[in-house]
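Fit chain B to the known structure of chain A by using the hints.
Spelled out, the chains give:
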Amino acid sequence: MEFIVITLIKTAIIAFVLLTTLAYLQWVERKVIAHVQVRMGPSRVGPHGLLQPLADVIKLITKEGVLPPHVNKFFYLLAPFFAVFMALLSISVIPFGTSITLFGHTTAMQMTDLNVGILVILANSSMGVYGIALGGWASNNKYSLLGGLRSSAQMISYELPLSLAVASPLLMAGTLSLREIVNSQAGYYLGFIPKWAIFAMPFPQIFAFLIFMVSAFAETNRIPFDLPEAENELVAGFHVEYSSMKFAAFFMAEYANMVTVCSVATLLFLGGWLPLWPEAYGSNFVCSAILFVAGAICVYHGLNPARPFDRITLPFFGVVFFGLAAVMLVPFLVPVLMPLFWFLAKTGFLLFVFIWIRATLPRFRYDQLMGFAWKFLFPVALLNLLVTGLLVALVS
Amino acid sequence: MDHLFFFLFGFIAVVCAINVVLQKHPISSALSLIGVMGSIAVLYLQLGAPFIAMAQIIVYAGAVMVLFIFVIMLLNAGSEEQRGRSWTAQLLGIPALLAFLGLVAYYLQRWFSDAGVVKFDNFQGGTAQAVGYALFTDYLLPFEVTSVLILVAILGAIVLARKELD
Numbered sequence: 001m002e003f004i005v006i007t008l009i010k011t012a013i014i015a016f017v018l019l020t021t022l023a024y025l026q027w028v029e030r031k032v033i034a035h036v037q038v039r040m041g042p043s044r045v046g047p048h049g050l051l052q053p054l055a056d057v058i059k060l061i062t063k064e065g066v067l068p069p070h071v072n073k074f075f076y077l078l079a080p081f082f083a084v085f086m087a088l089l090s091i092s093v094i095p096f097g098t099s100i101t102l103f104g105h106t107t108a109m110q111m112t113d114l115n116v117g118i119l120v121i122l123a124n125s126s127m128g129v130y131g132i133a134l135g136g137w138a139s140n141n142k143y144s145l146l147g148g149l150r151s152s153a154q155m156i157s158y159e160l161p162l163s164l165a166v167a168s169p170l171l172m173a174g175t176l177s178l179r180e181i182v183n184s185q186a187g188y189y190l191g192f193i194p195k196w197a198i199f200a201m202p203f204p205q206i207f208a209f210l211i212f213m214v215s216a217f218a219e220t221n222r223i224p225f226d227l228p229e230a231e232n233e234l235v236a237g238f239h240v241e242y243s244s245m246k247f248a249a250f251f252m253a254e255y256a257n258m259v260t261v262c263s264v265a266t267l268l269f270l271g272g273w274l275p276l277w278p279e280a281y282g283s284n285f286v287c288s289a290i291l292f293v294a295g296a297i298c299v300y301h302g303l304n305p306a307r308p309f310d311r312i313t314l315p316f317f318g319v320v321f322f323g324l325a326a327v328m329l330v331p332f333l334v335p336v337l338m339p340l341f342w343f344l345a346k347t348g349f350l351l352f353v354f355i356w357i358r359a360t361l362p363r364f365r366y367d368q369l370m371g372f373a374w375k376f377l378f379p380v381a382l383l384n385l386l387v388t389g390l391l392v393a394l395v396s
Numbered sequence: 001m002d003h004l005f006f007f008l009f010g011f012i013a014v015v016c017a018i019n020v021v022l023q024k025h026p027i028s029s030a031l032s033l034i035g036v037m038g039s040i041a042v043l044y045l046q047l048g049a050p051f052i053a054m055a056q057i058i059v060y061a062g063a064v065m066v067l068f069i070f071v072i073m074l075l076n077a078g079s080e081e082q083r084g085r086s087w088t089a090q091l092l093g094i095p096a097l098l099a100f101l102g103l104v105a106y107y108l109q110r111w112f113s114d115a116g117v118v119k120f121d122n123f124q125g126g127t128a129q130a131v132g133y134a135l136f137t138d139y140l141l142p143f144e145v146t147s148v149l150i151l152v153a154i155l156g157a158i159v160l161a162r163k164e165l166d
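Each protein sequence line maps, in turn, to chains A and B. So the first sequence is numbered by this note's numbering: it starts at 1 and just counts up by one. So the second sequence is numbered by this note's numbering: it starts at 1 and just counts up by one.
Excised from the complex, chain A in its bound form (with noise of 0.2 Å):
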């Protein structure tokens, strides 16, 4: 019974956090792809744009959703809710950070930790094809008809190497569990630098994790390989068909599979919740240096206001900051809010990477794509396994 509370309790939490995440996510997105440019991003919804999200959700939801005549109708409505499961579905193996005891009860920060964790999500990965096919296919139009296809024959080329990057630093650490392979990369070389799969020995795995990130992009359909999605080639791929809320299910699907690749590379690659560097050298002081700093520039700036309402808004949000960095500093609360911050500002940084080359880079053409993944991305995928391989066993 208790098992089932606690259970229910953090589902709905994760739930509600992840869901503000893929809203926000959009926001941050289009406000870094404006600064990029140039442009001030939206700015009109509440200030800096921040509502902008809230009033994206009820635009959607509020719009007539148009079920053209020619598709077919069973498998055209069962696409978009099967990709966006199948990517929600992922998060329920994801470990945030180490454990939380609240009255009396101790429970992981994670929903499930699974023996065999990353199987699953890669295995929701390799289902989540279905979603994106089925919706070109079902819409009954040339256009997302190509658009599926593109997607299912990229998918499947870059879930090769991804899997074959995914493997080496579960050699290195010997287990699926998600949870496990974070505690196998604890501990420092020479006091400071830490033991991340991307810097340990025997092979350090940084070959892995840019391959790991390469196919990332393709496998969440991203520019520079959001060929599925090419408007100036598919009109817009495979949701061409699409209105209202089942095109939004597609779009929430794209950003919670970003969210989950770029957790599982903090996972396997980069620590997950451990520190860039050792307490002792006050990593736990990082997240109230941060804080502290946005506040003291807050209330600089409040007193050399811009415009008369910086006067009173500005310190106000510089005393909000300053409570926060108070609050990062309480004994009991710093082992539970240390991990969570380390692992949000590893994925936090690596989803910045995904949106900054969105800004930056143009996109592949179509055998270019192909050829990348299976000419160079694989070989070098199956050599970097091969040499990890050998160096651990001589090593062990």
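Bear in mind the hints are in silico, worked out from the structure with no lab data behind them. Values in this document were obtained by computation on a predicted structure and should not be read as measured data. Fair warning: there could be bad hints in the mix.
Distance condition first, Cα-Cα at most 25 Å in a straight line; then the derived DMTMM-like pairs of lysine to aspartate or glutamate [what the hints assert, rightly or not]:
1) A:142 - B:80
2) A:73 - B:80
3) A:73 - B:81
Short derived list, chain B residues pointing at chain A, Cβ under 7 Å [what the hints assert, rightly or not]:
4) 1
5) 57
6) 62
7) 66
8) 69
9) 70
10) 94
11) 98
12) 99
The C-beta atom is built at its ideal place from N, Cα and C for all residues, glycine as well.
Below, chain B alone, put in the same frame as chain A:
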């Protein structure tokens, strides 16, 4: 709880398997087959073989069936045409099916009435470690022979495709 899940997913597997045959459109059949693979994976999980369950989903429900669906979509295969069945099939179909099912049930009951846990020789457990250890010790030869077989199949496919290209 175990029994509930066994009957639930066993039922889903059987219904999906029947659906594979009954559906007229190849895509519907292929999707039902994915349902069968998925429910069988759950049954593996219940037998205490999490690694095999996940491999089942990744390899069969994921990779193999995606290729099936890909080919069906590429060929844009339409619905099958329904033809009139011959009178022997109409007359004998259902009784023959019932007799076959009865025979299977009878022999299963007779041979496996006292069987407890399923065993494969001295192989115990379905964790990744156990499967890997078994594959590289007791079953090394079949494992390597299978990989050579797959290599031969790949070469055959390339040779066939090449002839088409020239």
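Okay, the hints, checked on the actual structure:
For the suggested pair residue 142 of chain A and residue 80 of chain B, the alpha carbons sit about 22 Å apart, so the restraint of at most 25 Å is met. Restraint check for residue 73 of chain A and residue 80 of chain B: the C-alpha separation of about 18 Å stays at or below 25 Å, so the hint holds. For the suggested pair residue 73 of chain A and residue 81 of chain B, the alpha carbons sit about 20 Å apart, so the restraint of at most 25 Å is met. Evaluation of the residue 1 of chain B hint against chain A yields a violated restraint, the C-beta minimum of about 12 Å exceeding 7 Å.
The interface hint given for residue 57 of chain B holds, since its Cβ lies 4 Å from the closest Cβ of chain A, which is under the 7 Å cut-off. With a least beta-carbon distance of about 3 Å to chain A, the hint placing residue 62 of chain B at the interface is held under the 7 Å criterion. With a cut of 7 Å, the hint placing residue 66 of chain B at the interface with chain A holds, because the nearest CB-to-CB distance is about 5 Å. Annotation: residue 69 of chain B was flagged as interfacial toward chain A, and the flag holds, the nearest CB pair being 6 Å apart, inside 7 Å.
The criterion of a C-beta within 7 Å of any C-beta in chain A is met by residue 70 of chain B, whose closest approach is roughly 5 Å, and the hint holds. For the restraint placing residue 94 of chain B at the interface with chain A, the shortest Cβ-Cβ distance is roughly 28 Å, beyond the 7 Å limit, so the hint is violated. Hint on residue 98 of chain B is violated. Least Cβ distance to chain A is approximately 31 Å, over the 7 Å limit. Residue-level restraint check for residue 99 of chain B is violated (minimum Cβ-Cβ distance to chain A is 35 Å; threshold 7 Å).
Of the hints listed earlier, those the structure fails to meet are numbers 4, 10, 11 and 12, in rising order.
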